[in-house]
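Residue numbers (the UniProt record's numbering): 1 to 155.
These aren't lab readings, by the way, just hints derived from the structure by calculation.
Every value quoted in this text rests on a predicted model; they were computed, and no experiment measured them.
Beta carbons: idealized from backbone N, C-alpha and C, even for Gly.
Among the hints, a few may not be true.
[What the hints assert, rightly or not] Dumping the calculated DSS-like pairs for lysine-lysine here, alpha-carbon to alpha-carbon at most 27 angstroms:
id: 1; residue 1: K68; residue 2: K11
id: 2; residue 1: K68; residue 2: K149
id: 3; residue 1: K83; residue 2: K149
id: 4; residue 1: K108; residue 2: K149
id: 5; residue 1: K11; residue 2: K149
[Claimed, not checked] Computed beta-carbon distance windows for the label pairs:
id: 6; residue 1: P77; residue 2: N57; range: 38 to 48 angstroms
id: 7; residue 1: P75; residue 2: D15; range: 25 to 35 angstroms
id: 8; residue 1: E155; residue 2: P89; range: 42 to 52 angstroms
id: 9; residue 1: D20; residue 2: L154; range: 15 to 25 angstroms
id: 10; residue 1: L115; residue 2: A146; range: 33 to 43 angstroms
id: 11; residue 1: E124; residue 2: Q37; range: 22 to 32 angstroms
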Amino acid sequence: MTARRRYWLMKSEPDAFSIDDLQRVGTEPWTGVRNYQARNFMRSMQVGDGVLFYHSNCDVPGIVGIAKVASTPYPDPTQFDRKSDYYDPKATQEQPRWDLVDVSFERKLARTIALEEIRRHADELGEGFALTQRGSRLSVLPVTAAQWKLLLSLE
DNA sequence: GCCAACGTTGGC
DNA sequence: GCCAACGTTGGC
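Whenever a hint applies, use it, and build me the whole structure from the sequences.
If you want it as structure tokens, here you go:
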């Protein structure tokens, strides 16, 4: 018995890892999330869940593509790697702190759905939508089916 | 358990 | 590059 497909939005800085990078590699482990709320969302992901791929910290922040969850959650290997920027000395193999999922490319959007445009639909998206919440920096966040539909209708 | 200091995120 | 907002750390 599998639960109904769910939806997420995941942020990435295009300088570090862009939608084109994901298209090139096909599937990528979503390493480096070091925020408990974001981690907990990844822990609840299931294979096949829909992902809105979002470019942050760039000229035109916004949704640029669609991906999907391609694995169940497992420990982020970079937490054990002393040479990694994401190394966490408090994490052990026995008790990992950080989990991730693999994300696989589905398609690029015909155009970027800019944050500025998304904000104009803030009322329809609802107050609980973390992307447009004042001050929110969450890099992995849930999207309802209605929000998914609305956002993609802007494409 | 409080909270000041610090580091990070990410829009602008 | 700036800086507001936020999360984490660590002294007490």
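Checked hints:
| no. | hint | verdict |
| --- | --- | --- |
| 1 | K68 to K11 | 14 angstroms, holds |
| 2 | K68 to K149 | 15 angstroms, holds |
| 3 | K83 to K149 | 41 angstroms, violated |
| 4 | K108 to K149 | 16 angstroms, holds |
| 5 | K11 to K149 | 19 angstroms, holds |
| 6 | P77 to N57: 38 to 48 angstroms | 24 angstroms, violated |
| 7 | P75 to D15: 25 to 35 angstroms | 26 angstroms, holds |
| 8 | E155 to P89: 42 to 52 angstroms | 43 angstroms, holds |
| 9 | D20 to L154: 15 to 25 angstroms | 21 angstroms, holds |
| 10 | L115 to A146: 33 to 43 angstroms | 19 angstroms, violated |
| 11 | E124 to Q37: 22 to 32 angstroms | 24 angstroms, holds |
Checked against the numbered hints given earlier, this structure breaks hints 3, 6, 10; the rest are met.
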